[in-house]
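K.L.:
Okay, here's what each chain looks like letter by letter:
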Amino acid sequence: MTGATLFGLCAAVLVGLGLYGAIVHHLILRRIVAFNLLGAGAFLLFGVVARRGTGAGMGGDPVPQALVITGIVVAFSATALAVALLLRLHAVRAAEDADR
Amino acid sequence: MTGPQALLLAAVAVPAVMLLGCVAPRLRGGMWQALWLAPLPGLAAALLARGSSVSFGPARAQFVLALDTSGAILLGSAAVLWIAAGVYAERDMRSAANGGWFVVCWLATLTGCFGAFLIADMPGFYLFLAVVSLGASGLILQGNTPQARRASGMYLAFALFAETAILMGFVLLAAGTPGGSLLMHDAAAALPTSPWRDPALALLIFGLGTKAALVPLHVWMPLAYPNAPISVAAVLSGAVVKVSIIGLIRVLPWGAAMPDWGAAMAAAGVFGAYYGVVVGLTQSDPKTILAYSSVSQMGLLVAVLGMGLRAGDGGTAIAVALAAAWHLLAKGGLFLAVGASSGTTARRPWPVLLPAGVLALGLGGLPFTGGAVAKLAIKGPLGDGMMATLVTLAAVGTTLLMLHFLRRLPASAPTRAGEAPAGLTLPWLAIAFASIAIPWALYSAVIGPVSDVLAPAALWAAFWPVLVGTLLAVGLRAWGPRLPPVPAGDLVVLGERAASGVATWSVTLERADAVLRLWPVAGLSLLAVAVALGAAMLSGR
Amino acid sequence: MTPGAAVLPCAGDPAGALLVLAIVLPTAGFLLALSVGGGRAERVALLFLAGGFAVAIAIVAAIWRSGHALSYALGGWTPPLGIALRADGLSAVMAMTTALVVGAVALFGRQNFAAPAPGVEARVPLSFWTLLLAVTTALNLIWFAGDLFSLYVALELLTFTAVPLVCLDGRADTLEAALRYMLFALMGSVLYLLGTALLYSAYGTLDIALLSERVRPEPAVWTAAALMTAGLVAKTALFPLHLWLPPAHAGAPPAASALLSALVVKGSFFLLVRLWFDVLPGLPSRAPAELLAALGAAAVLMGSVLALRQARLKLLIAYSTVAQIGYLFLMFPLASGPAGGPVAAGALTGGMLQAVSHATAKAAMFMAAGVMAGALGHDRIAGLAGTARALPMSMFAFGLGGAALIGLPPSGGFLAKWLLLTASVQSGQWWWAAVMLTGGLFTCGYVFMVVGRAMGEKDASEPRIIAAPITGQAVALALAVISMLLGLAALAPLDLVLVGRPTLAVVACR
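Residue numbers (the numbering used here), protein chains in the order written: chain A, 1 to 100; chain B, 1 to 541; chain C, 1 to 510.
These are calculated hints, taken from the structure and not from any lab test.
All C-beta atoms in this analysis are idealised placements derived from N, C-alpha and C, irrespective of residue type, glycine included.
Careful, some of the hints might be misleading.
[Stated by the list, open to error] Anything over 10 Å on all C-beta distances counts as not near chain B; from chain A, calculated:
(1) Thr2
(2) Gly3
(3) Phe7
(4) Asp61
(5) Ala80
[As the list claims (entries may be wrong)] A few chain A positions that, by computed beta-carbon distances, are all more than 12 Å from chain B:
(6) Val24
(7) Arg31
(8) Val63
(9) Val68
(10) Ile72
(11) Phe76
(12) Val92
(13) Arg93
(14) Asp97
[As the list claims (entries may be wrong)] Examples of chain A residues lying across from chain C (beta carbon under 10 Å, computed):
(15) Leu9
(16) Val49
(17) Gly71
Pulled out of the complex, with its shape left as it was, chain A reads as follows (with noise of 0.2 Å):
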């Protein structure tokens, strides 16, 4: 088994925990972070297939890579805005609570 196979099923396993979780659970911090999971996976898949692309006599192709880290970035700016909307639900319920 290479190492890019190894990995390759690493995010293939990733992937299929995040999804299990983003269905299942209830709680929409876990779903938050379920998502981050399914996330992961999907970049570590874009580093298999740098990692693949070697061929040209490069250490890695940069293009995946570069990917990555945009796909990193963006998906950090959702995680932050799922959680700032979650934050703001919260506050909004406690105050609908304390006027009942």
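Using the hints, position chains B and C against chain A.
P.N.:
Okay, now just chains B and C, sitting in the frame of chain A:
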């Protein structure tokens, strides 16, 4: 743009512009007085612009207005009826509540009706048909009773089904037309060789047949006319329903004989002609009786079209248009008579009742009336076979039904005490006169010399069904009250049961939607969609 | 010489710079609006949106005049090394629609999102105006991006800007709807990302033009296509993945609902069209296309029936969006017939026209519904009586928008329906025609239900209807009129849609 072209445009544009003017509340109030003016350009176009056409819009989908002979016949007589009914409506409905909507719907229906008589391309016809249906259902709503609401909804529902079928029929027509022309004329000419001939004809006959109240698609008609205001019933039963006839005239291929489809149409039409008479005889409200008479008469017109299609007779279109024009004026007139009689019968019934009697028996073909003229006109397409006999016997039935109507007319409960104002009687008398005069003029203008109609054989052929019908009516008088009562709209009850079934189904669908929108279910659906797509791609290799 | 040179014949085209401008201009506006704050954000947004409108017109004009697609290689680097922006007829039409609808939403939004006083800081106006500009950026990037990864970024940008629009009012239930929307959309985007990774690993590029030359029918492509399609379908809210749409679209403020329903769902749909007809054109795709259309048919029927059962006007319109999205997917089996045939061209044009027509009509309907809800103080359909008399202009806008949805001529909806029905007849797939016609009947049902209620007379016991400002009503009416007349104007875009797809255009002209 030449003068006739401008007239064609004005026939549709004037009511349309008046309709747009209704957006301003001030103009809407003043629109009542102008109601009778709106159809005038249509009348002028029918008289002066026959044979001309005008088109506008981008080259690939032009709106084409064109006035052929059958269109001119129907447009002209419809314009006369709309003018008279407009005067009547102004006197009758102006004080009623919600008057603003009445004017809006009236003008919309008028625009759509004239547009449908004039338009030559398929999208345009579909548009005007939709405008007519919307306007007409709004007009029926003006009856302002729970029954009127039910009738209006039913009218709209049937109209929408009909239009859906017509749209698909048009798509099939256009798909089979070489060169991508959207003109109904080109499409009809290409129909006999179209690969989609049969489905196209089936859909168009279903759709236009529904608009023509072909049994068993007629149930909206006996609900709509009795529950609408008088002026509305007059224009709907007279002018608006003829849109279906002009549609059939335009889409059927008159150059080629189609025995199967022709025979089917003729059979359906004749069945409707008898069905209308039989059920009509069980009714007691004069407006409902007139509605069933319309079912019967429209059935006859469709039957004549069917016979013409069977033989590939090119003269059918004009003959049917003439017969339709007669029915347009007579039926519109009789509805106005119901309104005019409601005030006058108590003391001086004859000024209303006598002309009404002439018109009513004219529907059976009484000599010297437009009915006799119409009957002679459709003689050609009908031929001499069994169908001619059946139609003659239907005239006996019509006479019977119309005498039943005349008997019920004075008995109908007066809605207003005292004398009917001149505003209600005058339009009625004008239409009564027009319905006698116009068919004569049309016959001599487009079919043949008037002497044909006055030939003794023709007179006798027209007279004996009326005579037999009258004798039968006298003979059956005692039997009348024993007829089983049939609810107006007869078959509609079944339809309403089906509708409640759909309502139950929609509850189930709503529950299913609630389940599908649960987060875990939706997440699994997402995975299922991905897997199914992958599997479909593998299998589609 | 890279293969890219062959597909980018006009890389140095000066008009290509317009594409950059279309993306940079709203971005600059966004940054500027953010820095000047809520008090002046409105003025900045209107200014930059007007500029964006001019750019969109210039792009359409350039493509119309030259008759071929525009392209621009960023930084002078051609793919596969660099990133290209491309605009064919499809993207030009979508960009024009975007400029139009966003402009209308901006004018409509002025009455609800004006700053409390000139120059005074306010959170909600700041969010609205900056998000409006950001949505424009994201959408233009989707229309013009030439590679699948830029499209991923654009798609995410669109989600991030659309989600806060849902919860502008900050109430708990809209926050919840926004979170639900966001998380489901994120799941969709990860699936899309996985698909792009697979495609890159198989072919070493993500450029659409290069990929379309290289893809072969093999398992990696099928897997990638399945994952990407599923992800995009989730973001488009195709039945049964529509869980997020009704609460999000019905809960948002009217201006935002109009934007979300009209344009945002079209972003991912457009990407799907790109994927199927530009990236994977040669693949045997009948079975999956039929699967998509079957889901579309289910959406049409389910969405319409549920729209009929809604008690609230905005939810009715939202479910109507679910149904209308279903219509868009009916084009897939019709347009993936014999590649390049006239049937396929007609279906593709019909489908895109449906998207544009729905965009204008639905935006008008949401705006009109917003005006009515504002004047009545609620949006219960049962309580609409008297609205037609009090707000004739809004009611007219709603009715016209409804007529365009139903597909009365000369609306764009009619032409779209006509083209799709013709395609279904000519390709022998009449069952899709049956779905379209049935859906049309249901559409009539829910539009007339609302109009009929509103035309009724109000009980004296009900509270008076407050007069509504005229601007918003006029904007809604103008959009409705545009969607109603689109069928006439669309005869030009009809050809425009096919610019940049040589095989289709040639056959369609025959």
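K.L.:
Look at each hint and say if it fits the structure.
P.N.:
Structure-based check of all given hints:
Annotated as non-interface, Thr2/A keeps its C-beta farther than 10 Å from every C-beta of chain B; the closest such distance is 25 Å. The Cβ of Gly3/A sits about 27 Å from the closest Cβ of chain B, beyond the 10 Å cut-off, so the non-interface label holds. The claim that Phe7/A is not at the interface with chain B holds, since no C-beta of that chain comes within 10 Å of its own (minimum 22 Å). With a closest Cβ-Cβ approach of about 26 Å to chain B, Asp61/A is found to remain outside the 10 Å limit, as its non-interface label requires.
The claim that Ala80/A lies off the interface holds: its Cβ sits roughly 22 Å from the closest Cβ of chain B, which is beyond the 10 Å cut-off. With a minimum CB-CB distance of about 6 Å to chain B, Val24/A fails to clear the 12 Å threshold, and the non-interface call is violated. The claim that Arg31/A lies off the interface is violated: its Cβ sits roughly 8 Å from the closest Cβ of chain B, which falls inside the 12 Å cut-off. Non-interface call for Val63/A relative to chain B: holds, since the shortest CB-CB distance, roughly 25 Å, exceeds 12 Å.
No beta-carbon of chain B is positioned within 12 Å of the beta-carbon of Val68/A; the least distance is around 22 Å. In this structure Ile72/A is separated from chain B by more than 12 Å, as the shortest Cβ-Cβ distance comes to about 23 Å. The non-interface label for Phe76/A is consistent with chain B: the shortest C-beta to C-beta separation is roughly 23 Å, beyond 12 Å. With a least CB separation of 20 Å from chain B, Val92/A remains clear of the 12 Å interface cut-off, as annotated.
Annotated as non-interface, Arg93/A keeps its C-beta farther than 12 Å from every C-beta of chain B; the closest such distance is 18 Å. At roughly 23 Å, the least C-beta separation between Asp97/A and chain B is larger than 12 Å, which holds for a residue marked as non-interface. With its C-beta approaching chain C no nearer than about 14 Å, Leu9/A sits outside the 10 Å limit, and its interface hint is violated. A distance limit of 10 Å between C-beta atoms decides the matter here; for Val49/A the minimum to chain C is near 4 Å, and the interface restraint holds.
Because the beta carbon of Gly71/A sits about 6 Å from the nearest beta carbon in chain C, less than 10 Å, this interface hint is met.
Comparing the model with each earlier hint shows violations of hints 6, 7 and 15; every other hint is respected.
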